[in-house]
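Listed below, chain by chain, are the residues.
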Amino acid sequence: MLRYLASRAGQALVVLWITYTIVFVLIQTLPSDPVTIFLASDAGADQELIDRVSALYGYDRPWFEQYALQLGNLLRGEFGFSLSTGQSVLERIGSVVGSTLALASTGLLLSVLIAIAISAVAFLVDSPRLRAIIVAAPSLFSSIPVFWLGIVVLQVFSFQLRILSLFPDGSLLSLLIPALVLAIPVSAPIAQVLLTGVEQASELAFVKTARAKGARPMRVFWHHVFRSSLGATTAVIGTTLGVLIAGSVITETVFARPGLGSVLLRAVIAQDVPLVQGLVFLTTLVVVVAALVVDLITPLLDPRVLRSVGTRGVSRLGA
Amino acid sequence: MSFHRVRTRLAATAGAAALLAGVLAGCAAPAASGGGADAGAGASTLSGTPVEGGSLVFADIELQTDFQVQKAFNYTQSNVFRNIADRLTAFDPETGEVVPWIASEWTVNEDNTEFAFTIRPGVTFSDGTPLDAAAVKANLDQLGLGDDAKKIVKNRDFIGYVSSEVTAEDTVVVRLSEPNADFLKATAAATASLLSPATLALDYAGQADISKIVASGPFVFESQVPDQELVFTKRDDYAWPSSISTNEGAAHLDEVVFRAIPEVGLRVGAVASGQADVSRGVQPSDEASATASGIELAVAEAPELTANWAAFRGGAPVVSDQNVRRALQIGFDREALKSTVLSERYPLSGSVLNRSAPGFVDLSDEFAYDAEEAERLLDEAGWTVGSDGIREKDGQRLRVSIAASPRSVVIKPAFEFIESEWRKIGVELTNNAGDSAILATALGDPAYPIIGSRQFYLGGLGPLFSAAGNTNTYVSDDELNALFATERAATEPSEREAVLADIQERLVLGTNLLVPLWDEVQVHAVGKGVHISFDGGTAPLLQEAWVED
Amino acid sequence: MRVPRGVGELPLPGPATALSALLVLVLVAWLAVPGLFTGYDPLVGDSAEVFLAPSVAHPFGTDHLGRDVLARVIHGTTQTALTAGLAVLVGLALGTAIGLASSTLGPWADAISMRVIDALIALPAFMVALFVVAAYGAGPVSLGVGVGIGSIVLFARVTRAEVLRVRALDYVEASKLAGAGYFRQLFGHILPGASGALIALAVVDFGAAVLAVSALGYLGFGTPPPTPEWGLIIAEGRNYLANAWWMTSLPGTFVLLVVVALGVLGRYLGKATRA
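Residue numbers (our numbering), protein chains in the order written: chain A, 36 to 354; chain B, 822 to 1370; chain C, 489 to 763.
No lab work stands behind these hints: they were computed from the structure.
Each hint should be verified, as a subset may be incorrect.
[Claimed, not checked] Derived coverage of chain B by chain A (criterion: at least 3 residues anywhere in the stretch with Cβ under 8 Å from a Cβ of chain A; other residues may be distant): (1) 1024-1036; (2) 1044-1052; (3) 1061-1068.
[Said to hold, decoys possible] Only some residues are given here: those of chain C computed to face chain B with a beta carbon under 10 Å: (4) Ser535; (5) Leu553; (6) Gly625; (7) Gly710; (8) Pro714; (9) Glu724; (10) Asn727; (11) Leu729.
[Stated by the list, open to error] Quick partial rundown of chain A residues pointing at chain B, CB under 7 Å, derived from the structure: (12) Gln122; (13) Val131; (14) Gly133; (15) Phe194; (16) Arg197; (17) Leu201; (18) Ala291; (19) Ile304.
Note that the structure is a prediction, hence the values are computed from the model and not measured.
No residue lacks a Cβ here, since even glycine has one placed at the ideal position from N, Cα and C.
Required output: the full structure, derived from the provided sequences and hints.
Structure, rendered in structure tokens:
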């Protein structure tokens, strides 16, 4: 077990290094210069100052020196300072990360609940037509633009029903409603895996027997169907983190919530290299660790380690 | 009691109606922009007897994270600075004059190179330290000289700044290396807000952090949720507003809260549903529904800013040809632009300056719509109509692109309309308005053809369009630079006005570097019982505002 | 022994599949001859007809410039297909390459490819797309490439899984025995065997790419006007939701139908080629 852990941790480090390299290459190939963007405003552009600030950040050095320098800094946990505000990158991220975590984790929880609800209803419903409609729900969910849904929700709940504050006010509702909007596209791939589980389980002899014996349907669902798809579900949840992040960026923008989304958006627009590097590095770290955890607990949940790969679960940007 | 100082036009209030009814039901009335009640000039929401106490929520279009004072060129920054910090002088939008604020009086020497300010006694920063001559000097030095070690750039308007000297307990003398009559006005700008010496001692990140900024204004930082809200509370002992304030003491409001509504379509609803008292950036197509649901539209005029224009980069491909620039200038129907994507509240521009600005000259007849002449000029420039209607020369298409800030609610639709007009004369336009990433790059790229903008210009038009580091046109025009120098050296108001007229004419007609579009105005939705006015830079004057119970 | 079928010999489709195929055929027609389906100019509007609600003359209503929204959707098919198509192509080409390298070039290539895939999974696709589009300016190429990078992982995993499945089949084993060369084996047997699943994925991915482009358009990084493109039509229309609900909702519903139809077709193709 220890050896397995060590090798997985080693792999995770390699993954971090590759992502750092990819981002570094992307930044190096930028057609524009981040320092010019910071300093050239309506107020004019002072080339001398631009050169001096570039030197300060080391952007005038050859690429391989920059590569080593920045990698070394990241490894030492020094994320540097934002190019556009001078704020420490960790401080900038730290000031809003809580809000994003709250939104994303609530969203994930809700998406799992939605997925379970869909698959349970699909299992319990007898009419094949009704079931066909329910089974189609996930692909519908992943086809609705998040921003559209968000704005409609605000118009209805905030302006017409007046039960939701347009500005996040710390109430439970102002967390739950954006999280629900976020959860809808995220629930799609999870629901699809669970529905496959339902489909397969319904064919299994012991499930048929259990139902035929008159066991309470909900009980059959929990004990036989749900548990047998638990492993695959956990595995797919690990891969929805990307959708979750994309969805968070958009949800945060629509609902004017502070969070990593707006920080990322501004960092990208300003080509704030240290902030972008820091954001990517930390998100990657979270995803890698999450994947590691999922890998470790999946065998505990399902010894067969189901891995569903295929056309299901295409829901990339949570758009 | 007169409230006419602040040029705020106010749309009449129509009867209450169910707000935004039928959003999804599809029964919303198709509202042509510009419909609804018209603006009555000179009205102010400051009528009645002020009510003390209460809180006001000002919903801006975004919240800034960078409040370093020299970079406060955005409305979102100047809206905050106007209410937390004071300035040496203030700009009176009614008369176009500079009036006393922290400087109770001043003298200027013969050749506009020496300015002596007398500092008002008894003013303190919110940390208790005095705003005296020494503090003013510290501010002026950072503004005029910048601080390279802190990556703080010079204030662009402080042209020729050499030094400040405290010559008496209450006197600061500023010396410039060259004449600059506009220096006085530059001290009235948001980018010249006065900060405490403790704030000035901070590094860039510290000065950019609103929670660390200490100033002497009527409101003091209370708390913030980063990227979500800024809360400021009233300073009880505030007693030094500018000489044009209608309130000589502390603010009526106990608290002001700045929030942001980035979604343009939600700004009217936020006020209609009582969730914000004022929201900035109402788009023309929502004006009718706003008045229909009983909320007021306050139109803040902007004599402290230029009009909206599109600036050609003189060295960029295609538009380096003056004939092309002239053709584009006269190649679209401004009246149709106004009736399609703007509204009655947006006067068409007659120059670089707004109609409300001192020294404005109306040149609109000189660049009136003339498609035939535009086509003739393009023919003359060698651009012939190709198979798909777009002109070509030497196998190259007549294609230009425009970058502009996403913060304006009208500039992107306006250029969508102008695109369809220019297409008729054979010009293809790539409309990058609203893409802030492209704007950020285009500002530093002289080869990018067109920038759409409007800017604070209290420091004069020189800093915007002269040679050194001018990101608007990237052109150094000798004649224009000579005019700028003459203007800065002019001592008589009449002389200055005459030169300013020449400058406008040279920019718009002599060089054809600018396409005047529409006057800068900011349309605000104002809730019932909210009394508010705006300064000449469209910033809310919250020290004078109040909210009925 | 299971032999993968070619796309030419599909089982009978159900009604949902038939309807989906019909919709795609309509799209192809719009792509080829958009002018046949609408008489309105998608670029130049009529100032007298701004914000008209849906009617017989304008089934999707008109927009803020008085342009027919349906005409913009019809003419927008081209740009949409280009952008989303490029995204799919990027994902398909790079993903297949990585997947093949991983599954056919030995354990070392497999280990390296798997780490690259892990890295691509860990690197949130949306961040990459946002960065590419912001840095290079929104345009069909940057949008296509930016969004396409996000689907490399899916294609790589499917390719890998498919290759391993196909290789286990008897006839590939046989061709190996016959001493066929690497590329002959690759192009003669392995890729055709895996193509069904890849085509199915490409169809579904196309729909996802349209939505991704729309999301980027919402954040301000869309195909610059006037070129009509579905994603941006939906994204820009949302500014007028309060006074012209049709501008975003009708094209949005239409795109939703297209995405769902592509999903149905993708699953059908996936099942059919594996049946």
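Structure-based check of each hint:
1. Beta-carbon proximity to chain A at under 8 Å applies to 5 residues in the segment 1024-1036 of chain B; the threshold of 3 is reached and the given coverage holds.
2. Only residues whose beta carbon comes within less than 8 Å of a beta carbon in chain A count, and the segment 1044-1052 of chain B has 5; three or more means the coverage holds.
3. Interface restraint, the segment 1061-1068 of chain B with chain A: violated (0 residues with C-beta to C-beta distance below 8 Å; minimum three).
4. With 10 Å as the threshold, the beta carbon of serine 535 of chain C comes within range of chain B, its nearest partner Cβ sitting at about 4 Å, so the hint holds.
5. Restraint check, leucine 553 of chain C versus chain B: the minimum CB separation of about 6 Å is within 10 Å; hint holds.
6. A cut of 10 Å between beta carbons decides the hint on glycine 625 of chain C: the least distance to chain B is about 5 Å, and the hint holds.
7. The interface hint given for glycine 710 of chain C holds, since its Cβ lies 8 Å from the closest Cβ of chain B, which is under the 10 Å cut-off.
8. Given hint, proline 714 of chain C at the interface with chain B, holds; its Cβ is 5 Å from that chain's nearest Cβ, closer than 10 Å.
9. For glutamate 724 of chain C, the interface hint holds, the least distance from its beta-carbon to any beta-carbon of chain B being 8 Å, beneath 10 Å.
10. Interface restraint check for asparagine 727 of chain C: the shortest CB-CB distance to chain B comes to about 5 Å, inside 10 Å, so the restraint holds.
11. Look at leucine 729 of chain C: its Cβ gets to within about 5 Å of chain B, closer than 10 Å, so that hint holds up.
12. At a threshold of 7 Å, the smallest CB-CB gap from glutamine 122 of chain A to chain B is about 5 Å, leaving the interface hint in force.
13. For valine 131 of chain A, the interface hint holds, the least distance from its beta-carbon to any beta-carbon of chain B being 6 Å, beneath 7 Å.
14. Interface restraint check: glycine 133 of chain A against chain B, minimum CB-CB distance 10 Å, threshold 7 Å, status violated.
15. Among the interface hints, the one on phenylalanine 194 of chain A holds; its C-beta lies about 4 Å from the nearest C-beta in chain B, closer than the 7 Å criterion.
16. At a threshold of 7 Å, the smallest CB-CB gap from arginine 197 of chain A to chain B is about 6 Å, leaving the interface hint in force.
17. With a least beta-carbon distance of about 5 Å to chain B, the hint placing leucine 201 of chain A at the interface is held under the 7 Å criterion.
18. With a cut of 7 Å, the hint placing alanine 291 of chain A at the interface with chain B holds, because the nearest CB-to-CB distance is about 6 Å.
19. Taking 7 Å as the C-beta contact cut-off toward chain B, the hint placing isoleucine 304 of chain A at the interface holds, the least distance being around 5 Å.
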